[in-house]
Amino acid sequence: MDDEIDLHKKQEDLTWLENLQRNSWEPEVIISGIILAFLFIFPSKVYEFSAYLIQDLGVGYLPSSLVLLYLTMIISVFKIFFVVHLSLRFIWAGLLGLSFAFPEGVIEEKLFKMGQGFKYQKPDEMALKMEKICSTTFAYPISLTIAFLIFTFYLGILIVIYVILDLQFLIIYVIFMISLIFFSLLMASKKKTKFKIWYSGTILSSIAAIYQSNLGKWFTLLYGVVIFGLATPIIMVDIKDFSLFYNETNVNQMEQDWPAKNLYFEEYHDSEKRFAKAFIPKEETSENMLKIGVVRYQGDSKIMERIKADFNVSLDTLTWHELNETADLHRIYLNDSLINIEDWSRVRLAASGQKVYQSAFPIEKLSKGRHQIRIEKLILNYDFFTDEPEIKLLKNWAKFEFIKE
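Basically my numbering = 1-based index in the sequence shown + 49.
In short, the hints are calculated from the structure, not lab data. Hints may contain errors.
Said to hold, decoys possible - Label-pair distances were calculated between CB atoms; the ranges are: (1) Trp307 <-> Thr242: 52 to 60 Å; (2) Lys414 <-> Phe225: 30 to 38 Å; (3) Ser228 <-> Asn311: 56 to 64 Å; (4) Lys340 <-> Phe98: 24 to 32 Å.
Just so you know, these numbers come straight off a predicted model, no measurement behind them. We treat Cβ as the ideally placed atom computed from N, Cα and C, and that holds for glycine.
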């Protein structure tokens with residue numbers, strides 16, 4: 050009696066699974082559409098998060114850039130995956146309609162002579178083949194999702210340790226690389242360790258094995274490589290101009306020659322995004338006072354204290370003003386004339402939550418036309434291996450023009 054009940058339940062489960070498999074296209078299309086909608090929103094959030102790491106948490110430019118590149122890569126790769134899947138489903142829907150409209154397929158006698166005598170596929174056969182391709186394409190990213198989640202969690206732990214303990218990035222980098230090498234060697238070994246036995250039974254390993262054994266290991270690998278290759282242009286667009294958030298360097302020559310207005314003028318700037326270095330309200334002004342904002346970088350506090358403690362002679366040599374706020378690490382020039390700013394107000398911008406210093410200086414005597422603002426900045430250049438600093442003056446930390454009406 051119990052065996053009959055178990056058999057009946059097993060048959061019900063199989064019937065339920067078969068029905069789901071036949072109608073898998075419905076959840077596939079819905080899930081792909083929803084995920085794509087989110088994926089097209091995330092890049093700007095990831096960009097802002099990486100800038101937040103640099104400016105508000107004091108995480109270095111290099112680790113923040115790697116976080117941006119890594120997260121953007123994940124998002125772009127999955128964009129390609131789901132765009133490909135929806136495109137294939139579009140073809141599948143067309144073949145499905147074709148099989149309904151012309152179930153018999155090709156009527157050879159009605160073709161031109163040159164098209165006769167060949168073997169053509171029937172619409173229902175093509176629809177079934179495309180159904181298999183679509184389902185296979187949709188399932189492929191699952192193994193990557195699990196791998197990325199594990200990898201991202203591990204990366205997040207390392208970043209938290211880096212920030213809390215204020216370690217050198219070199220230490221975190223070495224830990225990360227050693228762990229990767231150790232894991233690679235462990236998986237490459239032919240010995241059946243307890244870890245490999247456990248790992249082989251996981252969803253991640255099982256999905257990868259199914260693809261490799263049914264489609265071929267080289268085809269599976271090549272497919273992933275092609276997807277990553279297609280995602281590369283999207284990645285490059287999504288990380289554009291992030292180098293401007295590099296606090297310890299001058300504005301690059303490209304940006305000096307062709308500055309982006311949205312990075313220096315509030316009127317062109319998206320209020321929910323962060324400024325990279327310095328900004329003013331408008332490109333064209335008729336006011337007698339010019340308000341200027343300078344972005345606060347958390348890492349500047351450490352730099353300022355170290356300069357005050359160990360580099361007083363250098364400050365005297367540069368005839369630098371007294372360092373009371375991190376804003377005092379900057380020196381502002383208007384048309385190469387030094388502007389004396391004695392006080393800065395601390396402001397947190399409403400939409401983005403970014404912390405900035407603001408002040409103003411008179412420009413009533415300026416003639417009409419274009420004028421240049423150039424900002425110098427004191428920073429400490431640390432040796433990557435010894436962590437020993439030397440003071441450095443960035444003469445073009447920020448540089449842009451405005452128009453006096």
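Hints, verified against the model:
In this structure the hint that tryptophan 307 and threonine 242 lie 52 to 60 Å apart at CB holds, the actual value being about 56 Å. Between lysine 414 and phenylalanine 225 the beta carbons are some 55 Å apart, a value that contradicts the proposed interval 30 to 38 Å. The given range of 56 to 64 Å is broken by serine 228 and asparagine 311, whose C-beta atoms sit roughly 40 Å from each other. For the pair lysine 340 and phenylalanine 98, the supplied restraint of 24 to 32 Å holds, since their beta-carbon distance comes to about 28 Å.
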